[in-house]
Amino acid sequence: MTLPNPEDSVYRVLISAKEYFMVENRNRDANRDGATVTMVRNGQTVLRTWARDTVGFNAFNPDSLYGVVTDVDEFDWSLPGGVSARTGELFDGGILIWHIDENVIEANYDADAVNADPDRRGVNLEEADGSQDIGQSYGLIDPGAGSESGTVLDFWYAGDLPSGQPEQ
1 MTLPNPEDSV
11 YRVLISAKEY
21 FMVENRNRDA
31 NRDGATVTMV
41 RNGQTVLRTW
51 ARDTVGFNAF
61 NPDSLYGVVT
71 DVDEFDWSLP
81 GGVSARTGEL
91 FDGGILIWHI
101 DENVIEANYD
111 ADAVNADPDR
121 RGVNLEEADG
131 SQDIGQSYGL
141 IDPGAGSESG
151 TVLDFWYAGD
161 LPSGQPEQ
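My numbering applies: residue 1 is where the sequence shown begins, and numbers increase by one.
Take the hints with a grain of salt, since some may be wrong.
Said to hold, decoys possible - Simulated DEER-style distance windows between Cβ atoms:
id, residue 1, residue 2, range
1, Asp129, Thr36, 29 to 35 Å
2, Ser64, Ile105, 36 to 42 Å
3, Leu14, Val40, 43 to 49 Å
4, Asp129, Thr49, 38 to 44 Å
5, Gln44, Leu14, 47 to 53 Å
6, Asn42, Tyr11, 22 to 28 Å
7, Ile95, Tyr138, 24 to 30 Å
8, Asp76, Ser137, 23 to 29 Å
9, Ala116, Thr36, 35 to 41 Å
10, Ala111, Thr49, 24 to 30 Å
11, Val23, Thr49, 41 to 47 Å
12, Leu14, Ala51, 39 to 45 Å
Hint data in this document are derived by calculation from the structure and do not stem from the laboratory. Backbone N, C-alpha and C fix where the C-beta goes; we use that ideal spot for every residue, glycine too.
Using the sequences plus the hints, can you model the full thing?
Here it is in structure tokens:
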């Protein structure tokens, strides 16, 4: 099988005429050259490159950015990821599988409620960790706290098979 330009393709896997999965590969640093950000401050243009997430430059803390950001060469850099402090493993993206149900979208679009029912969303990310916590509201000490916007474990990648599943 030959795939057309797989670097920037999204694949659709039909379940029915109005329900399907969309599969895409997302990578925080596709060229492995860090993230270059162009900023303008006081009329001065500054280009700055970060090799990896650091204090002051990550999805949760952008304090190293200043002025007006005018360009970013890695749009996916803000996806969950980085290097594990415990193991040194690099989490840099992976496969995302979206479940699309056009029946739900059509029925709820005008009311702006496409994803209002967490048990039947029109557009739903199939989280690899199985927890379905994106979009939830957790309290500070609840077990899911901090995962409401996604984690590195929501991507599908080699080595993230559920416990007890043999690798092929």
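Going down the list of hints, with the structure as the test:
| no. | hint | result |
| --- | --- | --- |
| 1 | Asp129 with Thr36: 29 to 35 Å | holds, 31 Å |
| 2 | Ser64 with Ile105: 36 to 42 Å | holds, 39 Å |
| 3 | Leu14 with Val40: 43 to 49 Å | holds, 46 Å |
| 4 | Asp129 with Thr49: 38 to 44 Å | violated, 31 Å |
| 5 | Gln44 with Leu14: 47 to 53 Å | holds, 52 Å |
| 6 | Asn42 with Tyr11: 22 to 28 Å | violated, 46 Å |
| 7 | Ile95 with Tyr138: 24 to 30 Å | holds, 25 Å |
| 8 | Asp76 with Ser137: 23 to 29 Å | holds, 25 Å |
| 9 | Ala116 with Thr36: 35 to 41 Å | holds, 39 Å |
| 10 | Ala111 with Thr49: 24 to 30 Å | violated, 45 Å |
| 11 | Val23 with Thr49: 41 to 47 Å | violated, 31 Å |
| 12 | Leu14 with Ala51: 39 to 45 Å | holds, 41 Å |
Of the hints listed earlier, those the structure fails to meet are numbers 4, 6, 10 and 11, in rising order.
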